[in-house]
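Visitor: The chain contents come next:
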Amino acid sequence: MGDMLTQLQDSVDQLADRFIACFYYLERHHDLETFGPNDRIPDLKSEQPKEVDSLSPEVFQAGQLELARDLIVQEQQIEYIISNLPGLENSERDQEQLIKELEEELKTAEAQRLEAVKEKDEVLLKLDQVLRGIRRN
Amino acid sequence: MDNLEEDSSKVTALYPDPPPFWNAFTPENIARFDALRQDFADKHGLDADADTDTIVRIPDVPDDLIYLQPPAEPIDSKWRLFSEPQTLDEELQSLETAGILRLGPTSETDRDGRHVDRAFELKRLAKSMLLNFLELVGVMSQDPSHGLEKVQDLKTLFLNFHHILNEYRPHQAREQLIQLMQDQLDSKRAETAAIRGVVDKAKRALEGLGSMEMSPVEPIGASASSSTRSSGAAAAANGVLAPHTLNGAAHDAKDEVPYWDRESEGWAMVDTDFE
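Protein sequences, first through last, are from chains X and F. Going by my numbering, 117 is the number at position 117 of the first sequence; the sequence numbering is gapless. Going by my numbering, 42 is the number at position 42 of the second sequence; the sequence numbering is gapless.
Watch out, some of these pointers could steer you wrong.
Said to hold, decoys possible - Here are the computed lysine-lysine pairs in the PhoX-like style, where the Cα-Cα straight-line distance is at most 25 Å:
(1) F:188 with X:120
(2) X:107 with X:120
(3) F:78 with X:107
(4) F:123 with F:155
(5) F:203 with X:120
(6) F:123 with F:150
(7) F:188 with F:201
(8) X:118 with F:188
(9) X:100 with F:188
(10) X:118 with F:203
(11) X:118 with X:107
(12) F:203 with F:188
(13) F:188 with F:155
(14) X:126 with F:150
Unchecked claim - Not close to chain X: a few residues of chain F, all C-beta gaps over 12 Å, as computed:
(15) 24
(16) 74
(17) 75
(18) 79
(19) 94
(20) 95
(21) 101
Unchecked claim - Only part of the chain X face toward chain F is listed, based on derived beta-carbon distances under 8 Å:
(22) 79
(23) 88
(24) 125
(25) 127
Keep in mind the hints are simulated off the structure, nothing from the lab. Computed from a predicted model, the values in this text were never measured in an experiment. Yeah, the Cβ is synthetic: ideal placement off N, Cα and C, and Gly gets one too.
Starting from the given sequences, assemble the full structure and let the hints guide the process.
Guide: Next comes the structure, spelled out in structure tokens:
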């Protein structure tokens, strides 16, 4: 069963991380456009650190697609974990009832076990006697 | 020079000195405190051995032993640790007190409530997150100055998700306990069944032996030789087909008679030892 809740928590945190990763990707790799006819893209000198590392439209779109797919997969994973949370159909009262029943059953099972062990010891003793009798004869 | 180094190390030490009371925990002091506790237990008719784990508070401890007695529980069940208020019963802070908008219905109080609703709520939140992110990206591409609102929405969604998730934790703990008990029960039953099986087998074997023992009891020594002799005779009966085994069996039987005599003498001695 494991700790499904922690797993779920991690998945949600990861989803948030992916959101941020998406923004980083968009911000870092988008193309430069002009808004009006008077705008122009400044020709940055090569030694200046680039603010935007533009990718070709195809690569950029492929990256976007991959990130979007990751987001959806992550969300599906979260839903899957939610569906598999333990004991969704039990209420707290049910659980208490179940725990009490199990406690009783454990007690009887333990009693039965001890009885069996006792019986085993008796049979062992008997077997021992018989074996000794055989040796003696 | 040495002094100087020591001083400078004091200043740059990563951790502060331990609190002064560690000096009080000398072996003599511990022994004295144990004696005190023993006295106190005897006087008040308490079983000291049984109470070593439970906290017995002794009034009027001498001043130099005061640190050996653990402090009493806080009366109002509150204390401060690293300047953070702490309480004895840990409670999950509700969303309202944390100043966060609650998106789902309040569901903590009903004991009979099933958690299917809660799972449904979580799924809804997860979907909302995705949708809100999409909206956020859209807003940011149009007008980044309006993005903050959406970020706030997302934050509320995440916090709500975590809150519902944490509400579920006690439930999961109980569920795990049930699982554990079930496993224990299963293993106990399996063990009992295994023991029973072996016992039955042993009983059947004993019964088999019992029917064999029906043959008349002969005096010690004679029975051993007679049994080997009879087996030899049996071999002789079959021996028409295998003369070699007949010879071997006869040979063995001759050798075995003194061996069995020795053996039965040895067992007789062991038996007298036991009696």
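Visitor: Take a quick look at residue 24 (chain F) and tell me if its Cβ sits farther than 12 Å from every Cβ on chain X, holds or violated.
Guide: For residue 24 (chain F), whose nearest Cβ neighbour in chain X is about 41 Å away, the distance exceeds 12 Å, so it holds.
Visitor: Is the straight-line distance between the alpha-carbon of residue 118 (chain X) and that of residue 203 (chain F) 25 Å or less?
Guide: 14 Å, holds
Visitor: Residue 100 (chain X) and residue 188 (chain F) were given as a pair; does the straight-line alpha-carbon distance stay at or below 25 Å?
Guide: 17 Å, holds
Visitor: Once the closest CB in chain X is found, is it more than 12 Å from residue 75 (chain F)?
Guide: 31 Å, holds
Visitor: So if I understand the rule, the pair passes when the alpha-carbon distance is 25 Å or less; does residue 107 (chain X) with residue 120 (chain X) pass?
Guide: Status holds; Cα separation ~20 Å.
Visitor: Hint check: is the beta carbon of residue 127 (chain X) less than 8 Å from a beta carbon of chain F?
Guide: With Cβ-Cβ at 6 Å, under 8 Å, it holds.
Visitor: Decide if the proposed pair is consistent with the structure: residue 188 (chain F) and residue 120 (chain X), CA atoms, cutoff 25 Å inclusive.
Guide: 16 Å, holds
Visitor: Given a cut of 8 Å on the nearest C-beta pair, is the interface hint for residue 125 (chain X) held or broken against chain F?
Guide: 11 Å, violated
Visitor: Mind checking the alpha carbons of residue 126 (chain X) and residue 150 (chain F) for me, to see if they're no more than 25 Å apart?
Guide: 81 Å, violated
Visitor: With the threshold set at 25 Å, check whether the alpha-carbon distance from residue 118 (chain X) to residue 188 (chain F) stays at or below it.
Guide: 15 Å, holds
Visitor: Any Cβ of chain X at or closer than 12 Å to residue 74 (chain F), or is the non-interface label fine?
Guide: 29 Å, holds
Visitor: Confirm or reject the statement that residue 94 (chain F) sits farther than 12 Å, beta carbon to beta carbon, from all of chain X.
Guide: 18 Å, holds
The structure does not agree with the numbered hints 3, 13, 14, 24 stated previously, though it agrees with the rest.
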